[in-house]
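Trainee: Now for the letters of each chain:
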Amino acid sequence: MAEMLKLGLVLMLVALAAAVALGLVNSRTAPIIAEQKEMEKQNAMRMVAGSLSPGDSLAFDSLAVRGLPNPYASADNVLEVVKVYSPPDTSRVGYLFIAYGKGYSSTIQTMVAVDTSGEVSGSTILYQQETPGLGANVEDPSKLIHSFSGMEARGILLSKDGGGIDAMTGCTITSRAVTNSVREGLEAMEEAGLFHRGPDVPASDVDTTTEVEEQHPCDSEEGSVDAGTPDVTEGGAE
Amino acid sequence: MSLVRDLTNGIYRENPVFKLALGMCPFLAVTTSVENAIGMGAAATFVLICSNFLVSLFRNLIPSKVRIPCYIVIIATFVTLVDMVMNAYLPDLHRSLGIFIPLIVVNCIILGRAEGFANRHPVLNSLADAVGMGVGFTLAMIILASFRELLGNGTWLNINVLGPSYQNQPLLIAILAPGAFILLGFILGFFNILEKRRGGGGQ
Numbered sequence: 001m002a003e004m005l006k007l008g009l010v011l012m013l014v015a016l017a018a019a020v021a022l023g024l025v026n027s028r029t030a031p032i033i034a035e036q037k038e039m040e041k042q043n044a045m046r047m048v049a050g051s052l053s054p055g056d057s058l059a060f061d062s063l064a065v066r067g068l069p070n071p072y073a074s075a076d077n078v079l080e081v082v083k084v085y086s087p088p089d090t091s092r093v094g095y096l097f098i099a100y101g102k103g104y105s106s107t108i109q110t111m112v113a114v115d116t117s118g119e120v121s122g123s124t125i126l127y128q129q130e131t132p133g134l135g136a137n138v139e140d141p142s143k144l145i146h147s148f149s150g151m152e153a154r155g156i157l158l159s160k161d162g163g164g165i166d167a168m169t170g171c172t173i174t175s176r177a178v179t180n181s182v183r184e185g186l187e188a189m190e191e192a193g194l195f196h197r198g199p200d201v202p203a204s205d206v207d208t209t210t211e212v213e214e215q216h217p218c219d220s221e222e223g224s225v226d227a228g229t230p231d232v233t234e235g236g237a238e
Numbered sequence: 239m240s241l242v243r244d245l246t247n248g249i250y251r252e253n254p255v256f257k258l259a260l261g262m263c264p265f266l267a268v269t270t271s272v273e274n275a276i277g278m279g280a281a282a283t284f285v286l287i288c289s290n291f292l293v294s295l296f297r298n299l300i301p302s303k304v305r306i307p308c309y310i311v312i313i314a315t316f317v318t319l320v321d322m323v324m325n326a327y328l329p330d331l332h333r334s335l336g337i338f339i340p341l342i343v344v345n346c347i348i349l350g351r352a353e354g355f356a357n358r359h360p361v362l363n364s365l366a367d368a369v370g371m372g373v374g375f376t377l378a379m380i381i382l383a384s385f386r387e388l389l390g391n392g393t394w395l396n397i398n399v400l401g402p403s404y405q406n407q408p409l410l411i412a413i414l415a416p417g418a419f420i421l422l423g424f425i426l427g428f429f430n431i432l433e434k435r436r437g438g439g440g441q
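Here the protein sequences come in this chain order: E and V. First residue of the first sequence: 1, per this note's numbering; consecutive thereafter. First residue of the second sequence: 239, per this note's numbering; consecutive thereafter.
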């Protein structure tokens with residue numbers, strides 16, 4: 001009995017010391033981590049939006065478009081879209097949105113900048129946990145995402161699916177996930193009537209839904225594991 | 239003295255990967271690039287040093303009946319600390335190492351050294367052992383990662399070595415899991431030949 005108490009006490013002390021140490025470090029690092037996440041997102045927004053209107057200082061406004069899955073939002077099927085404009089002038093120069101695509105081993109988040117006519121001007125990968133050396137190469141700005149620039153929704157499809165985008169060699173699943181999620185995002189925005197084709201359309205259009213979204217999907221950090229087949233199928237020629 | 243011996247022990251004579259075959263899970267998983275190998279090695283070495291130090295320091299205080307749970311708590315604490323600190327101050331490295339950091343908890347090198355060395359050796363020797371084992375683990379990972387990154391991606395430490403013509407058609411299998419096993423087999427074979435030669439020469 002006495003021995004059992006002693007053993008329990010020793011274990012408790014060890015665990016207590018561990019808990020205190022963890023609590024201290026966590027209180028130190030948690031705000032830095034949160035700040036870093038936010039900054040990363042802000043940087044990505046500025047970088048991608050810069051392709052819309054280089055040189056201008058830009059401002060952002062949130063709006064929500066229905067009809068697209070966002071695995072991280074609590075509300076169902078809302079695509080978060082950010083309106084971009086250069087401050088003195090409130091007419092929009094374009095939009096930003098985050099596309100979520102389920103890749104080989106993670107849900108890949110792609111931030112896309114698109115102009116008012118529906119043409120992609122730039123994109124960057126915000127989050128991915130794909131196979132290092134293979135799928136993880138989607139982060140390379142000169143590879144897959146580079147070929148989205150200047151394309152409209154209907155062109156953004158892998159060439160082996162009948163579109164004009166070449167998949168990265170050895171990672172068709174990753175390439176397809178990113179490509180399809182970007183296209184679906186653009187299609188949802190088009191359906192919501194955010195794009196206009198004519199060159200001389202004034203900024204008088206009214207959004208279907210212009211509620212300001214508070215939640216940022218980037219805050220949740222979770223890669224779901226996809227039990228799919230290995231993405232080693234040979235991709236298109238590069 | 240024996241301190242030097244303890245230090246060099248892990249680097250070659252009892253290399254945790256090539257000789258003791260410990261820690262295979264992270265070893266095979268993160269060696270897709272040299273950068274990952276170095277990061278994982280550094281994190282594992284840090285945890286190993288801290289856990290060996292504490293285990294050795296308290297080796298007479300911790301009753302042997304509850305030693306394993308105590309070691310696990312100690313190791314898990316340091317792993318979580320590494321995870322949080324890395325996430326805050328080295329976000330890029332944290333992104334690429336991802337899920338492998340929590341896996342250090344079950345890295346049997348660390349529990350193995352706590353149980354097999356630190357709990358019956360003085361603090362200084364345990365520290366020397368931890369450094370040696372950590373360096374040995376890191377070097378082993380760098381060796382395998384060099385082959386895999388070079389063959390599978392045409393680069394070494396993100397520096398383009400083999401040129402774009404190779405990168406368009408690289409030996410993809412080297413970077414995938416089967417390639418890790420195959421290359422590990424070759425490396426182990428090489429070390430065994432070396433050992434035999436050496437043994438034959440001495441006799």
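Calculated from the structure, these hints are not laboratory results. Using N, Cα and C, we set each Cβ at its ideal position, and we do this for glycine too. Any given hint could be a false lead.
What the hints assert, rightly or not - Simulated restraints on C-beta separations: (1) E/Gly8 with V/Glu353: 18 to 24 Å; (2) V/Phe428 with E/Met12: 55 to 61 Å; (3) V/Pro416 with E/Pro87: 19 to 25 Å; (4) V/Gly401 with E/Glu152: 45 to 51 Å; (5) V/Ala259 with E/Asp61: 54 to 60 Å; (6) E/Pro141 with V/Ser403: 47 to 53 Å; (7) E/Lys143 with V/Leu409: 54 to 60 Å; (8) V/Val304 with E/Ala30: 39 to 45 Å; (9) E/Lys143 with V/Ala259: 34 to 40 Å; (10) E/Ser117 with V/Gln407: 44 to 50 Å; (11) E/Pro87 with V/Arg333: 28 to 34 Å; (12) V/Pro416 with E/Glu191: 43 to 49 Å.
Trainee: Taking the hints in turn, state whether each one holds.
Mentor: Status of the hints after comparison with the structure:
1. E/Gly8 with V/Glu353: 18 to 24 Å: holds (21 Å)
2. V/Phe428 with E/Met12: 55 to 61 Å: Violated: the Cβ-Cβ distance is about 49 Å, outside 55 to 61 Å.
3. V/Pro416 with E/Pro87: 19 to 25 Å: Given range 19 to 25 Å: violated, Cβ gap about 55 Å.
4. V/Gly401 with E/Glu152: 45 to 51 Å: Roughly 35 Å apart at Cβ, these two residues miss the hinted range, so it is violated.
5. V/Ala259 with E/Asp61: 54 to 60 Å: holds (58 Å)
6. E/Pro141 with V/Ser403: 47 to 53 Å: Because 21 Å falls outside the window, the suggested range is violated.
7. E/Lys143 with V/Leu409: 54 to 60 Å: At roughly 19 Å between Cβ atoms, V/Leu409 and E/Lys143 fall outside 54 to 60 Å, so the hint is violated.
8. V/Val304 with E/Ala30: 39 to 45 Å: violated (31 Å)
9. E/Lys143 with V/Ala259: 34 to 40 Å: With a Cβ separation near 37 Å, E/Lys143 and V/Ala259 satisfy 34 to 40 Å, so the hint holds.
10. E/Ser117 with V/Gln407: 44 to 50 Å: violated (38 Å)
11. E/Pro87 with V/Arg333: 28 to 34 Å: holds (33 Å)
12. V/Pro416 with E/Glu191: 43 to 49 Å: holds (44 Å)
Violated hints, in rising order: 2, 3, 4, 6, 7, 8 and 10; the structure is consistent with all others.
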